[in-house]
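A.B. asks: Spelled out, the chains give:
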Amino acid sequence: MPKLVIRNGRVMDPASGLDAMRDVAIEDGRIAAIGEGLALSGAGQLDASGLIVAPGFIDMHVHLREPGFEYAETIESGSRAAAAGGFTSICCMPNTSPVNDSATVTSYIIGRAERHAIVNVFPIGAITKNSAGEELAAIGLMKNAGIVAISDDGRPVMNARVMRRAMETARSFGIPVIDHCEDLHLSAGGDMNESIESVRLGLRGIPAASEDVMVARDILLAELTGARFHVAHISSRHSVEMVAFAKARGLAVTSEATPHHFALADNAMPPYDSNYKMKPPLRSTCDLRAVTEGIVSGAVDAIATDHAPHAGSEKMQEFEKCPFGILGLETAIAVTLDCLVHTGKIPLMRMLELFTTGPDRVLNLNRGRLAIGAPADITIFDTDRAWTYDVNRSASKSRNSPFHGRSFRGGPVATIVSGQIVWAFDGLAVSGASQ
Amino acid sequence: MPSGLLGIEPLDRVEIEAILDRARSFQPQQTARRKSDQLRGRMIVNLFFEASTRTRTSFEIAAKRLGADAISITATGSSVSKGESLVDTLNTLGAMHPDAIVMRHAASGAPHFLARYLVETPIINAGDGTHEHPTQALLDARTILDRRPTLEDLRVAIIGDIAHSRVARSNLYLLSKFGAQIVLCGPASLLPPELERLAPGVSLTHKIEDAIRGADVIMMLRVQFERQHEPAFSANEYFQFYGLRLEHMILAKSDAIVMHPGPINRGREISSEVADSQRSVILNQVENGIAVRMAVLERILGN
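Protein chains in written order, with this note's numbering: chain P, 1 to 435; chain F, 1 to 303.
Nothing false has been slipped in among the hints.
Residues from chain P that face chain F, not an exhaustive set, calculated with beta carbons under 7 Å: (1) ILE196; (2) LEU203; (3) PRO271; (4) TYR272; (5) MET316; (6) GLU318; (7) GLU320.
By construction, these hints were calculated from the structure, which means they are not laboratory data. Just so it is clear, CB atoms sit at the ideal spot from N, CA and C, and this is done for glycine as well.
Sequences are here, hints too, so could you generate the full structure?
C.D. replies: Rendered as structure tokens:
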């Protein structure tokens with residue numbers, strides 16, 4: 001295994017609180033030392049002057065589309081997009097074809113990832129068979145095969161009794177239940193947030209209440225069952241309030257927010273641009289503020305992208321026919337810097353928490369810290385370089401991003417997984433032996 | 001508006017007034033069934049993805065009165081029914097270099113979406129989903145102004161399925177720009193409260209009597225049962241509470257007019273007695289449809 005020393009970076013580790021100019025030495029895929037003026041014979045040298053050296057970022061909510069929809073994304077292409085976005089670990093949702101509702105599919109995904117992914121891939125299993133919301137999937141067997149959570153993302157469990165049983169089962173196996181909170185009866189037929197914008201555009205609305213009623217239900221079921229319940233892509237003001245309430249009651253309730261939900265409100269959409277169509281939809285500015293405040297206060301535990309590739313032909317249709325979902329992996333760091341850090345809403349260390357220890361605490365991946373002996377998953381990024389996102393150069397197979405053409409300040413510079421530089425910004429100097 | 005006509009919302013008063021004035025000058029030509037040659041040699045494609053009799057015919061006649069050639073294509077029996085995407089259909093037609101495409105589509109925003117890809121061909125929106133129907137609002141304004149000196153301070157009641165009505169949206173934008181007071185009326189399931197904030201001068205009521213009281217203009221809308229996914233009212237109950245009947249007319253101004261974009265459903269949103277009364281200007285609206293569309297076509301295609 002190659003050796004590497006990352007020199008002169010500002011090393012920040014939320015788990016230990018370290019924030020200092022340090023070198024990080026990597027040997028055998030693990031962190032060998034963190035200190036000043038480290039020497040490691042035969043090691044490559046990566047000059048991180050002026051850069052942040054952080055634990056590898058975790059995106060706990062992505063769609064890799066494999067198996068079944070390889071025309072939109074594959075485990076390989078999705079992992080390349082993750083690496084280009086500064087992520088060393090990603091958790092893939094089970095809404096593939098077939099659905100990841102059995103140990104067989106879980107093992108297939110893990111096997112494909114071992115051969116083709118350049119970052120760590122942790123599968124999330126389905127709650128119910130075929131995510132049909134009726135009969136529980138083989139949760140224990142999937143857990144043994146390697147899933148880290150269960151979720152029927154995109155096809156939420158509508159039957160509260162089934163959800164109760166799922167929570168009990170998840171609790172038995174020590175994994176969280178991640179729910180895409182949406183009352184499908186309330187949201188049926190909707191294409192965007194229900195607001196003055198949907199009325200103006202003549203599009204059918206998805207009321208925030210469709211999210212809120214399910215968050216409320218699941219919090220009550222989490223209390224009933226003692227399960228760990230995680231709210232996926234929280235987007236509404238009342239949902240943030242309810243998660244804060246549940247945390248204050250001591251329940252094991254956590255939540256994640258996507259960059260688009262704190263960067264864009266429903267009035268930001270160019271008329272009928274399907275690159276702004278996703279679930280939950282972009283909400284009103286007051287919801288956007290509440291999500292941001294939840295990130296500041298701690299009601300939100302993690303930032304996750306809900307990276308949802310769709311082929312161009314699917315997104316180039318009448319708005320109401322286009323599928324929901326947008327890319328997110330490559331823009332997450334930049335959007336977060338832009339909306340939360342540069343604006344002074346959160347310090348850099350809090351941002352790192354949201355990408356590392358935050359998701360790790362939800363999923364117990366044993367990643368997201370810079371500890372001696374830990375896997376050398378490291379994200380190096382800068383906070384200042386001006387650049388413009390060009391989705392046509394994306395590592396993803398799809399092109400559906402509302403951030404195409406947007407200018408940012410700061411972004412990923414290098415992504416290291418188990419000591420290997422799997423992605424680096426053009427022009428990053430790595431000298432010495434073995435890289 | 002060099003690039004077509006997608007909606008009333010983005011237009012300003014000057015542009016709207018220019019179209020309405022020009023439409024008035026076309027009225028005699030239209031009623032005398034005369035043909036002129038302003039647009040001779042121009043080719044207009046009417047592309048209708050949704051059933052329509054009056055709007056398609058009206059655009060076709062307007063084009064022909066101005067000497068243009070008009071071709072009408074309906075979705076059934078075209079390549080659309082063979083699974084061609086909207087963009088491909090429009091690109092194919094665009095490659096034949098028509099001077100304008102008049103388009104009706106059941107999806108809100110379909111013409112806006114296409115306008116982004118089809119930059120060389122002006123698109124005229126003949127109704128998109130539940131969003132806008134700009135030429136309807138223009139012909140409605142022309143019809144009102146044939147009987148009133150100004151739209152300012154007129155009290156206009158728009159009654160019915162507002163939520164699903166492109167006619168209501170285009171009308172409220174236009175009327176609001178000219179300072180009219182617009183009262184929108186319907187059951188709560190068809191009258192989202194956000195409508196009140198769409199434009200200045202808009203208020204909402206659930207009671208038809210309140211809407212009609214003191215009105216100069218009463219616009220009835222067709223109940224679009226095909227767009228409602230779980231109708232809250234049976235047809236009979238709806239007519240009981242939101243159907244316009246003769247007994248309502250005493251609440252309106254004595255010279256109030258009754259309008260309807262058609263097709264009307266007698267006994268569902270309007271009684272036969274009102275539809276056929278002297279107050280009804282429904283057929284004048286149809287007449288003005290041609291004059292207004294002549295003005296729009298001339299403005300977009302004329303040199």
